[in-house]
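Enquirer: Make the full structure from the sequences, and use the hints.
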Amino acid sequence: LQDKWGLIAVSQMGASSGPKYGPNLFDIAHALDARGAVTLQQGCTIGESLSAKARGGGSPRFGYYVDQAKASPALDRWAGIRRNVLKRPFLATAEKFVDTHQARVVIASAFHPSFSDKMFDMVQGATAFDACIILRRGCEGSLGLSLARAGEFTCGVRQADGTLKRLDFKYGPSDCGMSTRPETEQQPLIGMGSGQEGALFTADRTMSYADTGTSGDAVFDERVTLTFKAFDVALEYVLNGRLVGPAAAQNSAEVAAFDGAVNTWGDSASR
Numbered sequence: 003l004q005d006k007w008g009l010i011a012v013s014q015m016g017a018s019s020g021p022k023y024g025p026n027l028f029d030i031a032h033a034l035d036a037r038g039a040v041t042l043q044q045g046c047t048i049g050e051s052l053s054a055k056a057r058g059g060g061s062p063r064f065g066y067y068v069d070q071a072k073a074s075p076a077l078d079r080w081a082g083i084r085r086n087v088l089k090r091p092f093l094a095t096a097e098k099f100v101d102t103h104q105a106r107v108v109i110a111s112a113f114h115p116s117f118s119d120k121m122f123d124m125v126q127g128a129t130a131f132d133a134c135i136i137l138r139r140g141c142e143g144s145l146g147l148s149l150a151r152a153g154e155f156t157c158g159v160r161q162a163d164g165t166l167k168r169l170d171f172k173y174g175p176s177d178c179g180m181s182t183r184p185e186t187e188q189q190p191l192i193g194m195g196s197g198q199e200g201a202l203f204t205a206d207r208t209m210s211y212a213d214t215g216t217s218g219d220a221v222f223d224e225r226v227t228l229t230f231k232a233f234d235v236a237l238e239y240v241l242n243g244r245l246v247g248p249a250a251a252q253n254s255a256e257v258a259a260f261d262g263a264v265n266t267w268g269d270s271a272s273r
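So the mapping is simple: our numbering equals the position in the sequence shown, first residue as 1, plus 2.
Rather than coming from a laboratory, the hints here were simulated on the basis of the structure.
There's no promise every hint is true.
[To be verified] For lysine-lysine, the following BS3-like pairs were computed, each having C-alpha atoms within a straight-line distance of at most 25 Å:
{"no.": "1", "residue 1": "K6", "residue 2": "K120"}
{"no.": "2", "residue 1": "K89", "residue 2": "K167"}
{"no.": "3", "residue 1": "K72", "residue 2": "K22"}
{"no.": "4", "residue 1": "K167", "residue 2": "K98"}
{"no.": "5", "residue 1": "K22", "residue 2": "K98"}
{"no.": "6", "residue 1": "K120", "residue 2": "K98"}
{"no.": "7", "residue 1": "K22", "residue 2": "K167"}
{"no.": "8", "residue 1": "K6", "residue 2": "K72"}
{"no.": "9", "residue 1": "K172", "residue 2": "K72"}
{"no.": "10", "residue 1": "K89", "residue 2": "K6"}
{"no.": "11", "residue 1": "K72", "residue 2": "K231"}
{"no.": "12", "residue 1": "K6", "residue 2": "K172"}
{"no.": "13", "residue 1": "K172", "residue 2": "K120"}
{"no.": "14", "residue 1": "K120", "residue 2": "K89"}
{"no.": "15", "residue 1": "K98", "residue 2": "K72"}
{"no.": "16", "residue 1": "K167", "residue 2": "K72"}
[Claimed, not checked] Distance ranges between label pairs, derived from CB positions:
{"no.": "17", "residue 1": "R63", "residue 2": "D223", "range": "15 to 25 Å"}
{"no.": "18", "residue 1": "G24", "residue 2": "K72", "range": "34 to 44 Å"}
{"no.": "19", "residue 1": "A81", "residue 2": "A128", "range": "34 to 44 Å"}
{"no.": "20", "residue 1": "K172", "residue 2": "L27", "range": "36 to 46 Å"}
For glycine and all other residues, C-beta sits at the position ideal for the given N, C-alpha and C.
Expert: Here you go:
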């Protein structure tokens, strides 16, 4: 998405606070670092890194990563408390909108009903983001789409009066010619001995896909392809104001020509 849309991808991550302890983004980023695919620069601020990109240094292949413990020690102090609290949706939701680097677009995930609405309202009334893309019903509540069902997108673009112009659409396997697969066929990490083992497993497939266009795992490849195609539709709206594919069909709009090559906001390096 960085290469296609001229964006700078910055992922915010932190050690798991439970109750699920499989590999999360924090673990996968460190696994990629162990494989030499990313560099987690402890002595370099995100601002310095983004400035290097703007000077033509290029952004890292898998984007930048911000460690919550370093970006917000106060928020990180909650981690121990959260491991002893059964449900803490206010923290799990609010932390998604911590803006460490003056981003223009926030991309976040939700799973439970009504949270897309709550998160949209938070972006609109309590942040300075110019736009948002919220995905609900991804695989395990993540930003990766599931092959078992359609993901539900809620997008918003900031208007002159400060409100967000909203778009909702669904995107699933049938929208890109794929067959559905049950969740049980999308859980390769079950039975692995540790979170680190699962993280390395995922990092290896990620690197292989980026290098060759395939990970050697048909399910992994289909999920990545499905996710990219769905986010292309969302970014067409957010960056270009165009409704394409399912976003057009589900909102009674004429389908615009879709080339995915134009970003009217300009390349992030120019800002």
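Enquirer: Between the alpha carbons of K22 and K167, is the straight-line distance 25 Å or under?
Expert: 35 Å, violated
Enquirer: The hint says 34 to 44 Å between A81 and A128; measuring C-beta to C-beta, is that right?
Expert: 23 Å, violated
Enquirer: Take a quick look at whether K98 and K72 sit within 25 Å of each other, Cα to Cα.
Expert: Roughly 15 Å between the alpha carbons, so the hint for K98 and K72 holds.
Enquirer: Taken at face value, is the distance from the CA of K172 to the CA of K6 at most 25 Å?
Expert: Holds. K6 to K172 sits at ~22 Å (cutoff 25 Å).
Enquirer: So if I understand the rule, the pair passes when the alpha-carbon distance is 25 Å or less; does K172 with K120 pass?
Expert: Since the Cα atoms of K172 and K120 sit roughly 18 Å apart, the hinted pair holds (cutoff 25 Å).
Enquirer: Given the proposed pairing of K120 with K98, does the C-alpha separation stay at or below 25 Å?
Expert: With Cα atoms ~12 Å apart, K120 and K98 stay inside 25 Å; holds.
Enquirer: Between K120 and K89, does the CA-CA distance stay at or below 25 Å?
Expert: Holds, at roughly 17 Å.
Enquirer: Holds or violated: K89 with K167, Cα cutoff 25 Å?
Expert: At roughly 31 Å apart (the allowed maximum being 25 Å), K167 and K89 break the hint.
Enquirer: Is the Cα-Cα distance between K72 and K231 25 Å or less?
Expert: Between K72 and K231 the Cα gap is close to 33 Å, so the pair fails against 25 Å, i.e. violated.
Enquirer: Can the suggested window of 34 to 44 Å be confirmed for the beta-carbon pair G24 and K72?
Expert: 23 Å, violated
Enquirer: Between K172 and L27, does the beta-carbon spacing fit 36 to 46 Å?
Expert: 24 Å, violated
Enquirer: Checking one constraint from the list: CA of K6 to CA of K72, max 25 Å. Satisfied?
Expert: 30 Å, violated
In terms of the numbered hints stated before, the structure departs from hints 1, 2, 7, 8, 9, 10, 11, 16, 18, 19, 20, listed from lowest to highest.
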